[in-house]
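Start from the sequences and build out the full structure, keeping to the hints where you can.
2 protein chains.
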Amino acid sequence: MATEATREEAVKNHLLAAVSDDELSRLLPNLQPISLPLGQVLYESGETMDYVYFPTTAIISLLYIMENGSTAEIGVVGNDGMVGIAIFMGGNTTPNRAVVQSAGKTFKMRSEMMKDEFTRGGRFHNICLRYTQALITQISQTAVCNRLHSVDQQLCRWLLLSHDRLPSNRLIMTQDLIANMLGVRREGITHAARRLQKAGYISYVRGDMTILDRVGLESGVCECYQVVRTEYDRLLG
Amino acid sequence: MATEATREEAVKNHLLAAVSDDELSRLLPNLQPISLPLGQVLYESGETMDYVYFPTTAIISLLYIMENGSTAEIGVVGNDGMVGIAIFMGGNTTPNRAVVQSAGKTFKMRSEMMKDEFTRGGRFHNICLRYTQALITQISQTAVCNRLHSVDQQLCRWLLLSHDRLPSNRLIMTQDLIANMLGVRREGITHAARRLQKAGYISYVRGDMTILDRVGLESGVCECYQVVRTEYDRLLG
DNA sequence: GCCTGTCTGTGTGTTGACGCACATACAGGG
DNA sequence: CCCTGTATGTGCGTCAACACACAGACAGGC
Chain A
512 MATEATREEA
522 VKNHLLAAVS
532 DDELSRLLPN
542 LQPISLPLGQ
552 VLYESGETMD
562 YVYFPTTAII
572 SLLYIMENGS
582 TAEIGVVGND
592 GMVGIAIFMG
602 GNTTPNRAVV
612 QSAGKTFKMR
622 SEMMKDEFTR
632 GGRFHNICLR
642 YTQALITQIS
652 QTAVCNRLHS
662 VDQQLCRWLL
672 LSHDRLPSNR
682 LIMTQDLIAN
692 MLGVRREGIT
702 HAARRLQKAG
712 YISYVRGDMT
722 ILDRVGLESG
732 VCECYQVVRT
742 EYDRLLG
Chain B
512 MATEATREEA
522 VKNHLLAAVS
532 DDELSRLLPN
542 LQPISLPLGQ
552 VLYESGETMD
562 YVYFPTTAII
572 SLLYIMENGS
582 TAEIGVVGND
592 GMVGIAIFMG
602 GNTTPNRAVV
612 QSAGKTFKMR
622 SEMMKDEFTR
632 GGRFHNICLR
642 YTQALITQIS
652 QTAVCNRLHS
662 VDQQLCRWLL
672 LSHDRLPSNR
682 LIMTQDLIAN
692 MLGVRREGIT
702 HAARRLQKAG
712 YISYVRGDMT
722 ILDRVGLESG
732 VCECYQVVRT
742 EYDRLLG
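Line by line, the protein sequences give chains A and B. Counting with the working numbering, you get residues 512 to 748 for the letters of the first sequence. Counting with the working numbering, you get residues 512 to 748 for the letters of the second sequence.
Source of the hints: derived by calculation from the structure; they are not laboratory data. Glycine is no exception: its CB is placed at the ideal position from the N, C-alpha and C atoms. Hints may be right or wrong, so weigh each one.
Quick look at which bits of chain A chain B covers, simulated, 3 or more residues with Cβ under 8 Å [as the list claims (entries may be wrong)]:
hint, segment
1, 580–587
2, 595–604
3, 630–642
4, 652–659
This is the structure we're talking about:
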């Protein structure tokens with residue numbers, strides 16, 4: 512098993528693909544490739560982060576956990592970003608949990624290395640900041656969508672956001688887990704998913720969901736999805 | 512009328528109060544004090560920002576405007592922060608509007624100056640980033656609160672967030688405007704506000720609201736308020 | 001004092017999501 | 001093949017927030 516990152520693998524993460532050759536050369540020996548299983552927690556709310564993560568095929572969900580145990584997703588990170596921005600933003604911790612939503616591969620790098628490279632102030636520095644701004648847009652749009660849109664629309668948004676970060680059309684995820692992500696009831700997801708299946712946009716059996724018709728999903732989504740998508744392209748495209 | 516900032520006035524903004532003496536000396540000649548009337552728009556969604564703002568007594572609301580015209584607040588900025596983080600984050604614009612929620616004073620500074628000082632990489636650089644992380648927490652918590660909590664709880668949260676940034680106990684704001692901020696109906700605010708008035712926590716007449724009992728409001732708020740408050744203190748206290 | 005515009009209060013009916021209960025269906029191990 | 005655990009489907013009553021309609025109530029200008 513390889514314990515060192517190849518340039519070829521690393522650039523599957525969009526942020527690593529955008530840094531300069533010099534920077535990537537410095538980063539590569541410190542990027543450790545690992546596989547993340549569904550449900551693994553990368554860090555807990557308020558917990559110091561030892562590593563930052565650059566996913567390639569894995570998807571990580573940023574979840575807030577209420578005192579009464581209910582949860583709500585505030586953002587999602589795939590090969591378009593990184594997990595652990597609090598390291599270079601200066602806070603070191605955040606009041607939310609990072610959990611693997613879809614199993615896959617990622618690179619991890621020690622926090623100290625992250626800070627060192629960030630403070631060099633090169634292109635890497637700027638890319639991290641622009642990514643952070645894109646993430647802010649995603650979180651903002653989540654707030655707006657939670658306030659103003661139906662569960663149906665939000666499920667479409669969530670599926671599209673996931674699909675964008677997925678290497679295939681298959682999503683291994685029970686309706687119960689999706690409900691936790693969106694902060695709604697499981698039955699609400701059952702209803703919405705059935706409608707989408709009847710429309711022929713998706714199919715699923717027991718936690719194995721396939722996206723059949725992306726265009727169909729896009730017809731059912733609210734404007735929130737496109738706003739986030741456009742902003743990511745503008746900032747990092 | 513003074514057109515140059517005094518050190519004494521500037522440090523009423525918490526971020527300016529936290530920078531080094533050297534940095535503040537460089538910033539002061541570029542900080543222009545102005546008064547902002549209720550409702551003034553500092554920048555529109557997608558519009559290039561010419562200035563950044565450091566409020567002292569004014570409060571600015573960050574609003575998202577839907578295609579159908581409905582609105583929702585994603586964050587609020589007072590003397591604890593600044594408006595225009597997209598300038599140093601690298602995006603230059605954001606997909607939301609900044610509008611004066613409570614009339615008052617602020618300093619404005621040209622974007623170029625902001626970028627210059629930020630790229631020097633001193634304490635100012637770090638403070639801006641830590642503030643950005645605090646703002647992310649506020650936006651995240653807004654998302655969670657929108658999903659899981661009642662209008663009553665959210666009104667309490669909103670009043671407390673405003674009160675924290677206000678030099679007095681009076682808030683000039685109609686129920687209609689508050690409804691737009693929270694992204695709910697005006698009647699919903701009427702109901703919630705009446706309950707708070709009956710409990711003796713607030714009093715109001717035609718757009719003039721007074722906070723009578725802060726502790727009372729805190730008893731009706733959800734955990735979201737304290738999470739944000741604690742995180743601001745941790746990052747910037 | 002009157003008029004007008006704005007702000008707040010209230011009623012009625014509707015709806016989307018919730019909580020709870022339980023039925024059905026499928027998968028994998030023994 | 002049966003058993004068990006997990007995943008999904010469905011019904012029912014409840015409730016918070018919605019849309020719409022309109023009634024006071026107050027402020028400021030004429």
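Results of checking the hints against the structure:
1. 580–587: Satisfied; 4 residues make the cut.
2. 595–604: holds (count 6)
3. 630–642: Check passed, 5 qualifying residues.
4. 652–659: holds (count 7)
Of the hints listed earlier, there is not a single one the structure fails to meet.
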